[in-house]
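Residues per chain are reported as follows:
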Amino acid sequence: MTDAPLVLGIESSCDETGVGVVRGSTLLADAVASSVDEHARFGGVIPEVASRAHLEAMVPTIERACATAGVRLTDVDALAVTSGPGLAGALTVGVAAAKALALALGVPLYGVNHLAAHVAVDILEHGPLPEPSVALLASGGHSSLLFVTDVTADVRPLGQTIDDAAGEAFDKIARLLGLPFPGGPHVDRVAVDGDPAAVAFPRGLTARHDLERHRYDFSFSGLKTAVARWVERAEADGRTIPVADVAASFQEAVVDVLTRKAVAACVEHGAGHLLIGGGVAANSRLRALAEQRCLAAGIRLRVPRPGLCTDNGAMVAALGAQLVARGRPPSALDLVVDSSLPVTTVRVG
Amino acid sequence: MLLLALDTSGATVTAALHDGTSVIAERAVTNARRHAELLAPAIAAVLDDAGRDRTEITDIVVGVGPGPFTGLRVGVVTARVLGAALGVPVHGVCSLDGIAEDVSGTGDFLVATDARRREVYWAAYHRDADGAPPERRDGPHVSRPAEVPVAGRPVTGRGATLYPDDLGPAGEPFDVRAGALAALAARSLAGSGTAPTPVTLCSSEPMYLRRPDATPPGARKRVLT
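So the sequence lines, in the order shown, correspond to chains A and B.
All letters in the first sequence, in the order written, are residues 0 to 348 by numbering that gives the first Met the number 0.
All letters in the second sequence, in the order written, are residues 0 to 224 by numbering that gives the first Met the number 0.
Simulated from the structure, these hints should not be mistaken for lab results.
The structure presented is a predicted model; accordingly, all values stated were derived computationally and were not measured.
Just so you know, not all the hints are guaranteed correct.
[As the list claims (entries may be wrong)] Sample of chain B residues facing chain A (criterion: CB under 7 Å; computed from the structure):
1) Glu36
2) Pro40
3) Thr69
4) Val73
5) Leu81
6) Ala84
7) Val149
8) Arg152
9) Ala213
10) Pro216
[Said to hold, decoys possible] Rough simulated footprint, nothing fancy, chain B against chain A, three-plus residues with beta-carbon under 8 Å:
11) 30-42
12) 90-99
13) 216-228
14) 231-242
15) 329-340
[What the hints assert, rightly or not] Now the stretches of chain A that chain B is said to cover, found in silico as 3 or more residues with beta-carbon under 8 Å:
16) 57-68
17) 103-116
Even glycine gets a Cβ: it sits at the ideal position worked out from N, Cα and C.
Extracted from the complex, chain B is given alone in its bound form:
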């Protein structure tokens, strides 16, 4: 297995390769406005770092958000086109699950990321025991920070650093790593997760959670007064 994972749902553009046992290369560049520029070079770089050829890729995993739309689509269209051109399957993973994968400790916690417009994307997780995969129990949703039902649970992710009054203090990690998505997907594809499978792979359909801003025009504006 050679799994390529990528995510552009947040400010960080990230790509990783996983050989079925472990992450063998990983890159991350943070620049919220340059996803379309940075992703392809990052993928080329992880292949180069690992000394592997693109034709060896067996699976593609992409973070499907939720996240700001334009950046999110860069990862999804890249994954879909790579999958079509290389003839390999494309799997989606909720990007918040990738952040949860990196959260240490047990019990209940939340992951919140920046949804812009003074809102956050968030989901609630539970981990039974150290080392066990986290299970998503609620979400993903998009809400105003004050409306997230924190209920004393620790919150990780950029959302918590942006809105410390409602969600803080923020715990690490702040951003999703492609390596975490790769590990999560590799486990799920191998079918070796603890039953029931805590995280399910999904289609590569983006989790927009919001409709496009558009309203049909009203009555014609008159030019004669």
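If we strip away everything but chain A, and leave its shape as in the complex, we get:
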């Protein structure tokens, strides 16, 4: 593998400054600087706060990644950077940094799609991606089902959230229950002691007529309101809120729909593999239920370890390395930032 190209990837689409180094499909370094603590008191990511943090973290994170990988910047053969989708101002810092590196090192630069990178990262952990595969990406910013024929060139959207992202719903319910931001890990933690069947919260877009129009789409806004109504009613009745039960029941409603639709997509599209990525993939109940349902349906499940599910630079480097390996042309130096880059555009020209 020492002959495989050394690729450095930069990710800055939200609140994580990530720099990863891979050689071929071997992970050498995954340095991440997060500004999440600065956003906590606002209950959500503030774009300008994230962008300022990216600027301060960029050079130190690049240097840390190189030190961990045991390489010098001058050893790097190619660069990859997230061009979108994401927060425009945050993406701009990473893209400008990547271009400066490309200029200084005289190596090709690949502007890549954040969602495709979430898919490609699993190659580092579980080897080549069987094609076709279905990918479920669920995070604070995205909830998508993708049909992946070739992660470097052919990624098609099957469905996505029509309102809130799954991770956003976790943040909002956490706040409602008095748990800290970001909500995902805290809801997961308290739900362990709760009964997932305690409250029958609604499963969005699963009714027969919804399945006709929104077969693989998600909706978590109605669920969020239902949880808020239930909590307010309990408060009005003077009852103590059973936080663990509410958290477990809410979480069950989210992961039930995510996994049900993901497995159906695999079955209906003849994909033998389901890949799960994004921050919500770190949720223990999502992993357990996905495993159970995939096993029942004869589908192989692939989930990267939590550190590679959340936003990071290794995933960008992983996709960059695949693009290099498949001989795809690099991007031009006037590469653009596109905050709403469609998932069908894996590589920005």
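Fit chain B to the supplied structure of chain A, relying on the hints for placement.
Below, chain B without anything else, positioned relative to chain A:
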């Protein structure tokens, strides 16, 4: 010495090379929304124009604003990453000082640029004699145009063209040139400026002058009415 200067604090993306004696290449493209696209090609172009290689660069100078945040960061992160990758020092210069460098004449004057939201970034300068470097005596600040203490002093920069009633008539130059930043920095690095050094190089920390817009959430909105 081969000094690369760049600035993205305003609507113009600009890059220049200075060899210690004079500016040997300079590019400027005006497009307020495409800084991240345009800067790297502009740097490649000045190297190409001058027939010099990136590995010959000895110093990087960047305009650190004040300016609209997203555009400003493009120049600063580019300078920092280039500096780290090439192993050369990065120097910051207040972008308004670059505009002042290009103002002719002597005496007191102001430089004002567009801060958006109906405000301007501004600073006050004084030049003793023709050819002497200008000295910044006040600023940079961000203010509403009507609150800038003009006091009869001429105002240069985009801010004056945008708000002629408060700051006009506008004098040239309107935008910062990387060549001016390069000349100013080259003089300062050579230590040949008239004493005391009229303009000091600073760190590459951006001059934001404003806090991010963000307020902690209030009480939870109720869904039951």
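Structure-based check of all given hints:
1. Glu36: With a closest approach of 5 Å, the B/Glu36 hint holds.
2. Pro40: holds, 5 Å
3. Thr69: holds, 5 Å
4. Val73: holds, 5 Å
5. Leu81: Holds - the Cβ of B/Leu81 comes within 7 Å of chain A, reaching about 5 Å at its closest.
6. Ala84: holds, 3 Å
7. Val149: Violated - the Cβ of B/Val149 stays beyond 7 Å from chain A, reaching only about 30 Å at its closest.
8. Arg152: Not OK, violated: B/Arg152 not within 7 Å of chain A, min 33 Å.
9. Ala213: At about 4 Å, which falls below the 7 Å cut-off, the nearest Cβ of chain A leaves the hint on B/Ala213 intact, so it holds.
10. Pro216: The hint holds - B/Pro216 has a Cβ within 7 Å of chain A, the shortest such distance being about 5 Å.
11. 30-42: Per the Cβ count (3), the hint holds.
12. 90-99: holds (count 7)
13. 216-228: holds (count 3)
14. 231-242: holds (count 3)
15. 329-340: holds (count 5)
16. 57-68: Per the Cβ count (4), the hint holds.
17. 103-116: Result for this restraint: holds, n = 3.
Of the hints listed earlier, those the structure fails to meet are numbers 7 and 8, in rising order.
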